[in-house]
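Asker: Quick one: dock chain against chain with the hints and give me the complex.
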Amino acid sequence: MIPQSFEYSVPNTLQEALQLLAGGNAKVLAGGMSLVPLMKLRLAAPEHLVDLRRITGLKTLSESSGEIRIGAMATHHDLDSSPLLRQRCPLLAEAAKHIGDVQVRNLGTIGGSLSHADPAADYPASLLALGAKVKLVRAGAERTLNLEDFLVDTFTTAAEPGELLTEIIVPVEEPKTGVSYQKMVQPASGFAIVGVAARVRKSNGQISLARLGLTGVAPSPFRAAAAEARLQGSAGSAEDIRQAAALVSSNIEANADIHASASYRKQMAQVYAARALHAALAEAS
Amino acid sequence: MATILTPQATGKLVGKRVRRREDPRLITGTATYVDDIQKPGMHHACIVRSPYAAARIKGINAQAALALPGVAAVFTGKDVAALGPVPCGASLPGLRVPHHHILAQDRVYFTGHPVAVVVATDRYIARDAADLVEVDYEELPAVAAPEKALAPGAPAVHPEWPDNTAFTYHQEGGDVNKAFAEAEVIVKQRIISQRLIPTAMETRGVVAEWQPGDKALTVYSSSQIPHLLRSLLAGMLGLPENRLRVVVPEVGGGFGSKLNVYAEEALMGFVAMKIGKPVKWIESRRENFLCTIHGRGHVDYYEIAAKKDGTILGLKLKLIQDLGAYHQLLTPAIPTLSVLMMPGLYRFKNILADIVGVFTNCVPTDAYRGAGRPEATHGIERMVDMLAAELKMDPAEIRLKNFPQPDEFPFATATGLSYDSGDYEAPLRRALELVDYPRLRQEQAEARQQGRLMGIGLSTYGEVSAFGPSPATPAGGWESATVKIDPAGKVTVLTGASPHGQGEETTFAQIAADELGVDLEDVIVLHGDTAVVQYGIGTFGSRATAVGGPAVYYAIQKLKEKIQKFGALLLESAEVTFTNGNCVCNRNGKSVTLAQVAAASYRAMKLPPGEEPGLQVTYFWEPPNFTFPFGAHIAVTEVDRETGRVSILRYVAVDDCGNIINPLLVDGQVHGGVAQGMGQALYEQAVYDNNGQLLSGELTDYAIPKAGMMPWLETGHTITPSPVNPLGVKGVGEAGTIGASPALVNSVVDALSPLGVRHIDMPMLPEKIWQLLQQGGQA
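Chains as they are written, first to last, in my numbering: chain A, 22 to 306; chain B, 666 to 1444.
Next up, chain B with everything else stripped away, as it sits in the complex (with noise of 0.2 angstroms):
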């Protein structure tokens, strides 16, 4: 698989920048999410929640709250009890895991816990009854730190579990111990990946409805995974998972913090049940930033290991995961994911990890953007660097000096993966080109003569992407699709990779009309309500359009194939050519189209032997591999002396996610991606007290960038088409997220080289650069 430096389209569509067929109804506001849903009848929840980060429930009166008028019902943790637990999906041996109820029980865990209950006939009142709702608490020590969780002494988050660890992990791969001792050069480093709040647009939110006549209830929730959400939803709150549909109608942006099950979800189910009248709750974005899960959180102890030419030979991982209180869906597993991609692009064999998981008195984490990629691709891409520095390399020449090269791939890493495919040198050589980077050097070496203090910073990131082999994922990996013609030709595809804003109603649409040889309007794309769509997995990952997408794929080349048959029939010719959305005889070039052949098959007076009446496929695909996208960022700053505050001169991000299905939705995915790791490297931080109360608590003290505060972004591709898919499609999700933080601390640690700064910690806020300054690099 060559890869291509100039990307072109392959198809009528695929390939082309097909604009986003979703985006008319979200421009025009007639787009309808959960909180645009209205049922007769329908009561609202809010919930009452602690303000203590650690505390003992003494006591709860909800009498004022019920004497309110328009308050139906109050519930408190133990008309819960039984119900739940909040699901963890991952298994790591020896994982201690906390029972996490629904409401908490004679105790809560973090700021934020939900407590109570609040059910009443509008949103106003239930809020006004929220604050009659009268809790007596017994404050208790709380410990909001990792590390701090660590210290002997600390406050236990679980009393049963007093050293505060939910569970070890290590892994080994090649001999490490050896590559250490044959070592010239050893750098070490602490490196911190901060907590993130994920910040998606519209916050969750849930709306529950119970038909008692049927016994059947509905569950609108704002959600990455519906199928997932029902299956485990059924199990918490007792229901046969045929009595139980999820809906996820629009969903306003997840990054993965929606790619979970949240006890709000059973607990408004469980509402709905109880008063038998329809139950809406829809999260504050101060709820969300206490509640909805946070990313990273890592403290990191790197040491890498090389010889002095800068071959790279080992690298050593101590990771301390904050965990926060509980684990929510995949909590444990994120870090595992770090330790999968540590050795980054490069081609050493020798790795020793340590995960240490942590619990902490704050909301738990999970995946955010990129989910324990970034936080790898932080570390090693930082470790290189600092390598460089020690060895006096060009960082560019030290990274060409590790890659594998194209024809070593499949390669397998030392961590158990196997590359699909790659090009490493593609992007880097063209990114470097589009800063004309021996240029580059040269403005840098002569704005170092002036005094300024300006940086080139490079990174080249890989990913595990295209969630996956089942064997190898906490749910099943595969992706679903359903291709159905209607008896009028036009077709209509349901999706198991529900989205949630990513664009799947476009690209699958122009996937499936290149393959089908219709137009994209004659195809339309259905996803998200499991009364409607196939069981399926979800969108996150970066994995619809390379799991998603092949099932479309799949799902269609099984119905071409009974296309033809109907073909062959009516054009009574065994010779028949399915092409350009006609049935074409290959003798005699007479052709039926499309909506002939669906007629006819609906009408069924003849069929061909053994076929069914209809044109639908359903497809369930099972990848047999991860994928592996790739890329090079270039990010150029400069430092104002005075301030400490950076400002990107350039910012170029070449990536290589395999071939393009729209590369107008791709740049969008890359801009959107490299905002995020924006955001962390210079200014998003969730802060937390060390009593564990959240101040980075409201978007006026949590700052995600702003489309002004964004740089012109220089994008590029190279394509190194996928083995593992018939697309030859990678994904590219979470690239820019993956990519941009590490670009953007080496460029900043390249601009204050000079004073002799070695590495700068995330977010790199004006004061702690100001402060470097103040101290000459010495920090």
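Chain A extracted, bound-state conformation (with noise of 0.2 angstroms):
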């Protein structure tokens, strides 16, 4: 439980840490929450750490011309508890309310989750639901990416060295969107065995919007595009929903390991599916 020896460095502003990150061979520590396990197990052992939370301005939660902007170093804690999203945005609240424990909770943060990119982590399924985008920032140039571009597979995303996370980017929740999170937690770490985000609206009795996102199913999150196709338009009706859910891991090849069988999670991602559905439906009508 001992890391190798590293290099710290807690630098005070985003251009500070964009220069440190500059070189290539540094490690952001963004809560640490995954990263330090992995370093005293010796799984990782970054030469350099630049350690992200004294930069206030990354811990902010703002919303301007349709969007919430949401800083990369916020808790889970800061967004299961902030008013802003819990009003607007209430599926990411939802979300960052199963992750960990209390203690994982008030240290981890979103942009730490993200990066990690951990096949059975909570965020993804509710922000691919949202079409969330990531930005990343580099000394002298910035892109915004759709969060399915950034995440690539198992722990890789597309951030490129010097390259960091510091903004996810939601639109704000349009008025009767029924939303809801299902999970079945592994009991041991608490990541989902399967984790189903479902966003909906109707209009005139229609599905108007359908919105599924997975994680934990596969090696990388996935939105269930067969199943909000067979959704769209839709009465939303029990019999639709059955439907719907049964496409969301069909072509999927599922992940496999002591506390789930590939075929198990395949049968849960539609079980789950379907009742992370039922209950966004329950709330959109």
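Bear in mind the hints are in silico, worked out from the structure with no lab data behind them. Treat the hints loosely; a few may be bogus.
Stated by the list, open to error - Keeping only pairs whose Cα atoms sit at most 30 angstroms apart, straight-line, the calculated BS3-like set for lysine-lysine is:
no.: 1; chain 1: A; residue 1: K61; chain 2: B; residue 2: K853
no.: 2; chain 1: B; residue 1: K681; chain 2: B; residue 2: K1149
no.: 3; chain 1: B; residue 1: K1433; chain 2: A; residue 2: K118
To be verified - Not everything, but these chain B residues come out facing chain A in the computed CB check (under 10 angstroms):
no.: 4; residue: D771
no.: 5; residue: I851
no.: 6; residue: R951
no.: 7; residue: E952
no.: 8; residue: T1308
no.: 9; residue: G1309
no.: 10; residue: S1361
no.: 11; residue: Q1439
A quick note: this is a predicted structure, and the numbers were derived from the prediction, not measured. Every residue gets a Cβ at the ideal spot worked out from N, C-alpha and C, and that includes glycine.
Answerer: What follows is the structure, encoded as structure tokens:
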């Protein structure tokens, strides 16, 4: 439980952080809820850690022009307890509540979680259902990516060496959107065996928006496009939900471990998708 | 000894919910654990461990490690070949005992096997240097499951014993063949009690310090048995025992895993003597999972024979025990405890048991909370439920039919035990009352009508506790106490039953304060330091209160005689009574306080005839028998049809641990015990792959229940005092764990019984249940 030695920097500004990261050898410490345990087990051995905790500008949550911008260093507790999110983007606040335990929620950050890209992390299900974008910054340049494009594979993101995830951007939820996050918890780690986030809206008795994000099931979190398409324009009946849920994991190469086999994960993805859809639709109507 | 249905306090302090005096230091972080100990010049050790479950060591090169600045030494197997071995304290006829070196010699036998130790000026350097020790392994085939190890052609864990069999053990009672011949119904089932990882909050740790001038070694260790550790370590290290001091500071739990003597304890003693500096080793959680003993590890084949009216006639058991690669202190003895308890609380007198102790390339199994009794209770309680299902009898009814009655005690069992006292109906009837059983069955019928899978599970458990009479235990089975009253009249109790979280500083002070008629604050309880405390045995097997408590009681009785004699001297009266902390003259009512008596006893101006000065008594109490706590647990569960997930709707535990010293602490023991039984039933399993790699190697993959996963526990007690000891206590440390797993499994099997499910092995993971649901129960 003793890490290898490493250099440790705590910059005060984003500019300083970007300079430290520019060399490409440094790894960002953004809460450390996953990185530090990996270092203690010597499964990760970064030479240099750049701790972002003093950069106050990275912790803010704000709304402008129909979007909510969340600083990468906002903790899960910040999200869970944010009146702005609770009112304007409740799905994300709900997802934050499901993460880990009190200690983890007080220290872990949304940017740290997304950058770690654990395939069973809670946020991506909701963020994919929300169509979230992420802002990546490097010295002298920045770009914005859709979350799908950021999450490349298990523990792999599109961030390049020297590039820092600074912001997560989600749309303000439109009125009468029903949302739900349903999770089967892996009892040892608290991560998701399966996590499904649903967003639905209805107009004139028909589903006008259906979004489903899944985590824990596959090497990367994903949006269930076929299921969404099945729901679009439907009445959202129990049979519509059943048929849509059956599509969420049909073409997926599922994860398997000592907690759940691939086939069980695929089945549970359907069960939890149906539950999330039922709960979201109950809110939407 | 009539059973009391409504417990009440019996003393001023005994029987009261006195808060633990240990808690302030624990809660404020001011307790001293092994890792808090700092010594001038202290070095740190890191152990190089085998990444393979079976391999030949072709060479070790420590050059690079030794070259790292700050590294003081690297020791390997050849340096310690003459020390040890790690002791096995259990003896069975024909037992094969592999020589358990404190560091591997030319071969490793399980993943995590210690191969070398690196010593450095700080723990970071030690850890870095451990990575630089090059060990050349030739990997060998491994076997990590006991039934696979018994199959023909399996890799031999120890090449000298190709059948992987460490021992076989046979026990019979009554006439089992006749019982089975006369049976009207026979039910058979294979039942698994999976390997568990004890997971004490504090991992193990050792600090060793050598005083060359005195040729004396002090070993600080997180242990349940300071004195036994001292005796055994002295032998391992070749030191005279009086030059070895073992200090057990605060211990953050053990659950049996620290009822042991480990290689690392001797190794640190060796290192300290070699380098002439104090050395510290703190086990990481990963090492704890890999290298501290595991528990359970049974594959059991049961057959139960009965008459059609539900009268049980006999029980057969073939028990396959996964021993791991070595015998730790009590490894081979643990399954024999299962055999002792296999009749459970029932009257039948015909049993047959065959144990096969099997070597595997895994860390050894040994005592884990309940140690053999949870496995036995799980077996008999499952078999009784299966029998009830077969006969279409109510599970409560079949149990009530087979209990011995209170007037049949002491009750001689088929396995040779003498159950001390019991009223087995009392806790069951109380538990049935608490859940309103007839109404609950009605609710269940309604739930089933609605398609819900609701289950009600009973277990009526018994255990053999308070280990125990010395002839029946591997070490002495007595316990010791010294009670001394200082010249100012304050009381110090030294107990040999060194606790590891049980709260004996509180309960033993309650006993002493009531017996001496002083305030709780006037009594302190010391333990754990062999230089301070007289020889003792330790805390395990629900024995501290039931064996260590009476030792305190008897020491005080002797002390009271002396107090009375000094009182008589001071009061110049032959008729003096010691009561409520004062010596009172029966004739004129004049009195002297305990402080006055104490001062006079040490000043010693005059002495009662034949008495020595001072007020101090040491008492070693040998118990005449074990005690046999019992109880009834009821779990109400519901299974989610879509996911297989089990929810606990209600959990009722009615325990009978005899008289209760402190109900608050008893509740705590029951809560913690139920949590661990629930862990086994629903979540926990040590998973090794076919190559002997531990897949559940971290707390992120080994699921102990957390507070938020616990149901509300409804506890109750009946009190059937034990006649074995003067306090009437039986012990409660393991009760919850023993009662919980069968109650939960019986409940879930009951929930799924409409689908034809007869048995489910633990842990009842959602996927396992979901599979049963998919197959319509026909698994």
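Asker: Hints first: check each against the structure and report whether it holds.
Answerer: How the hints compare with the structure:
no.	hint	verdict
1	A/K61 to B/K853	violated (48 angstroms)
2	B/K681 to B/K1149	holds (24 angstroms)
3	B/K1433 to A/K118	holds (28 angstroms)
4	D771	violated (27 angstroms)
5	I851	violated (35 angstroms)
6	R951	holds (7 angstroms)
7	E952	holds (9 angstroms)
8	T1308	holds (6 angstroms)
9	G1309	holds (9 angstroms)
10	S1361	holds (6 angstroms)
11	Q1439	holds (9 angstroms)
The structure does not agree with the numbered hints 1, 4, 5 stated previously, though it agrees with the rest.
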